[in-house]
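A.B. asks: Okay, here's what each chain looks like letter by letter:
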Amino acid sequence: MLKVENLKKQFKSGDTIINAVDGVSLEIEEGSFVSIIGKSGSGKSTLLALLGALDKATSGKIEIGGKEITKMPDRKLISYRREEIGFVFQNYNLIPNISALENVMIPMELTGMPKAKRKERARDLLLEVDLDENKHLRKPSRLSGGEQQRVAIARALANKPKLILADEPTGNLDTETGKMIDDLLKKLAKIEKTTIIAVTHDQDVAKRSDIVFHIKDGKLVKE
Amino acid sequence: MIVRERRKEIGVLKAIGSSNIKIVTQFISESVSLTFLGTLVGLVAGALLASPIMNVLVSSSLTSGQQPERIMGGGIGGRMGMVIMNGQSTIRNLNAVVSYNIILYGLAAALVIAIIGSAIPAWLISKVRPSEVLRGE
Ligand SMILES: Nc1ncnc2c1ncn2[C@@H]1O[C@H](COP(=O)(O)OP(=O)(O)OP(=O)(O)O)[C@@H](O)[C@H]1O
Ligand SMILES: [Mg+2]
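Line by line, the protein sequences give chains V and B.
Here my numbering is used: position 92 in the first sequence is 92, and no number is missing along the way.
Here my numbering is used: position 127 in the second sequence is 350, and no number is missing along the way.
Everything labelled a hint here was simulated from the structure, so no lab data went into it.
These figures come from a predicted structure and were not determined experimentally.
Any given hint could be a false lead.
Partner residues are not named here, just some residues of chain V that face chain B (Cβ under 8 Å, in silico) [said to hold, decoys possible]:
id	residue
1	Leu48
2	Asp55
3	Ser79
4	Arg82
5	Ile98
6	Leu110
7	Met113
8	Pro114
Virtual Cβ for every residue (Gly too), placed ideally from N, Cα, C.
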């Protein structure tokens, strides 16, 4: 379902060239929970950015559900991000001046779903990630880190993406809350049949996932 | 100029699949509606205050004219009153008048400024790379 072939990303800084992603190949089945482990600077975020079309590869191929995104024009990439990818970030990245509910509604607004319908789905999703209904209208600043990450997960799920990319989703949370978020991601992946690729530092999390990749200097090693 | 918080917001919107056009439209409509709001507040305040201010000016001029001993730092109002009193004897029907033209010019000027002021952020918005959101703060 997700197929990557000899993917490379180079950054030029001055005279030096950094091979942030250096010939990555992988194949992942639909609905799997995949962990990526690696040291700081090993290329984890860069790899996720390429998979989520936030950035363009220098060379190589990414194919998702038979579509080759490395060949798509920019306009298509925007709808690819909107409809087929869900992002979860380490620092939650919710829009600060609107409510949790409205944050979850944004991706659906972008696809033109009618307001009543997206409101209803946003509410359902927030309940699905176990956010109390009395907190749905709060702004992100009035939610705890764990709660903000739940909202972010609900937002990522909004358009029923094929693939969720999570860059250290528990990096800012304490161990216990982090574990809850991980379990939630895993549970939802199964329910919604979404593939999840999560960057993590936590060996425990990695152990409980379907596939574990180690990344070092932009190169991937399957465990 | 985009403050850092806004820049992050733009990156996030791009990352979750919003287009440049959409984000720019959103930001411009935000600043245009702020402009309208500002204009409205200005107009209402002007309309409500013009008459009392004129009254203060005129009455202080009358009192100061009639009872110079009570000026006591009457400030601008007092002094203006003196000038008016010297030039004219009856000023009871003085009114503050704002013509529609002036309102329209003011509104047009504000809109032009808002649109130019948005074109620059629009260009900056298009430059924000969505991958920035994966960098820590
Ligand atoms: N926009 C960029 N310009 C230049 N170099 C970059 C850029 N983005 C990443 N790099 C470099 O690419 C390499 C991989 O970076 P990346 O952010 O993918 O690492 P990471 O594994 O996510 O690290 P961390 O755990 O600290 O988040 C690093 O050497 C980094 O300095
Ligand atoms: Mg990173």
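A.B. asks: Now tell me if each hint is right for this structure.
C.D. replies: Against the structure, the hints:
The interface hint given for V/Leu48 is met, as the beta carbon of that residue sits about 7 Å from the closest beta carbon of chain B, less than 8 Å. Taken as an interface hint, V/Asp55 checks out: its beta carbon lies about 4 Å from the nearest beta carbon of chain B, inside 8 Å. Hint status for V/Ser79: holds, given a least beta-carbon distance of 7 Å to chain B, under 8 Å. Contact between V/Arg82 and chain B, as hinted, is supported at the beta carbon level, the nearest pair being about 2 Å apart and thus within 8 Å.
At its closest, the beta carbon of V/Ile98 sits 10 Å from a beta carbon of chain B; the interface hint therefore is violated under the 8 Å criterion. For V/Leu110, the shortest C-beta to C-beta distance to chain B is roughly 5 Å, which falls under 8 Å, so the interface hint holds. Residue-level restraint check for V/Met113 is violated (minimum Cβ-Cβ distance to chain B is 13 Å; threshold 8 Å). With a least beta-carbon distance of about 17 Å to chain B, the hint placing V/Pro114 at the interface is violated under the 8 Å criterion.
Of the numbered hints listed earlier, those contradicted by the structure are 5, 7, 8.
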